[in-house]
Amino acid sequence: MARAALPGRLTWRAATLTEERWESATARTLVLDVPDWPGHLPGQHIDVRLTAPDGYRAQRSYSIASAWESKTVELTVQRVDDGEVSPYLTDTLQIGEQLELRGPVGGWFVWRETQQTPVLLVAGGSGVVPLMAMIRARGAAKNKTPFRLIYSVRTPGDACYADELARRVRDDPGLDVKFVYTRKTPDGWPAPPKRIDVATINSYGWPAEFTPDCYVCGPTTFVEAAADILVALGHDPKRIRTERFGGTS
Amino acid sequence: MNPLDGNAMAGDLRELFTVDVTAARYTCAGCGHADAVATLILWGQEMGQVGRCPHCTDVVVRVVQAPDRVFLDLRGSVRLELPLAGS
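Protein chains in written order, with the numbering used here: chain A, 1 to 249; chain B, 1 to 87.
Chain A extracted, bound-state conformation (with noise of 0.2 angstroms):
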């Protein structure tokens, strides 16, 4: 695994936007090349960085949802319909646009393949991106850690990756998804919409004497009662690792 970042102090770099896909109505995947990027582990993210005409600058994070064996960069962009960045990102920068960015940056929210335990992923949203990253980079290693993703999304239309989620839980083994609709279900789902709750969890997730490695992205209230449920289940909150987003879910 030689891809750790080089030493030395972090720049911010020119990007090319390549290929886009859209995740659903208002998140949309980017494809960039930047030129000799480092590699980068699942979890880590990039700083974005606009600048107006008149120098105003406007700088945020976002998680890489690629995993590095593919070789490329991508992230995916949830809109934020009052934001300053975010709809710059999915409705406005056409193929062939260039941005500035740093990274890759950030060595906690990771998850390494030299990890033993199982992996809980619980995801709020679009805080499943570097969650995905790490399903990827597993997939691609085929590693055979178990993996469990729960993933909270408001209705079937805003569940990003539904396809390649599908598929994966079909074709890369041990790992389970487990959808969790918060206000509109698919037809015919079991249940009525409800948001995670500790059955959620304590059904889906892994049991505390697994001691798996637990990772929470989110929104900050989803995040805090994801962990909070996590603890009173029994899990360890050293191996609980949360990041949380600005943005609503």
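Treat the hints with caution; some may be incorrect.
Okay, derived cross-link-like pairs now, SDA-like style, lysine to any residue, Cα gap no bigger than 20 angstroms in a straight line [to be verified]: (1) K238(A) / I41(B); (2) K144(A) / W206(A); (3) K238(A) / P54(B); (4) K144(A) / K178(A).
If you only want the chain A side, here are some residues facing chain B, beta carbon under 10 angstroms, derived [what the hints assert, rightly or not]: (5) R102; (6) W108; (7) K238.
None of these hints come from the bench; they were simulated from the model.
Don't be surprised by glycine CBs; every beta carbon is placed ideally from N, CA and C.
Since chain A is already given, all that's left is putting chain B on it; use the hints.
Just chain B now, kept in the frame of chain A:
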């Protein structure tokens, strides 16, 4: 405004240090709680950020960006414990 967490400080700190400081373990000067810098509750914007202890809410770290320099105030942290490369 919703707070972020210490994960979002990684870029700014990585411009100053050659190691990832968000994976470092801080010890809060206020309550003695120790955890990863990534778990701090982060308030502020790019020009100035305040990281608070999630346990006692005391300020552990401040980062202020001026046009030509950065001010890093760590008086709320008794110590930082940094993993060395390869560990």
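To see whether the hints hold, each was checked on the structure:
no.	hint	result
1	K238(A) / I41(B)	holds, 17 angstroms
2	K144(A) / W206(A)	holds, 16 angstroms
3	K238(A) / P54(B)	holds, 14 angstroms
4	K144(A) / K178(A)	holds, 19 angstroms
5	R102	holds, 6 angstroms
6	W108	holds, 4 angstroms
7	K238	holds, 8 angstroms
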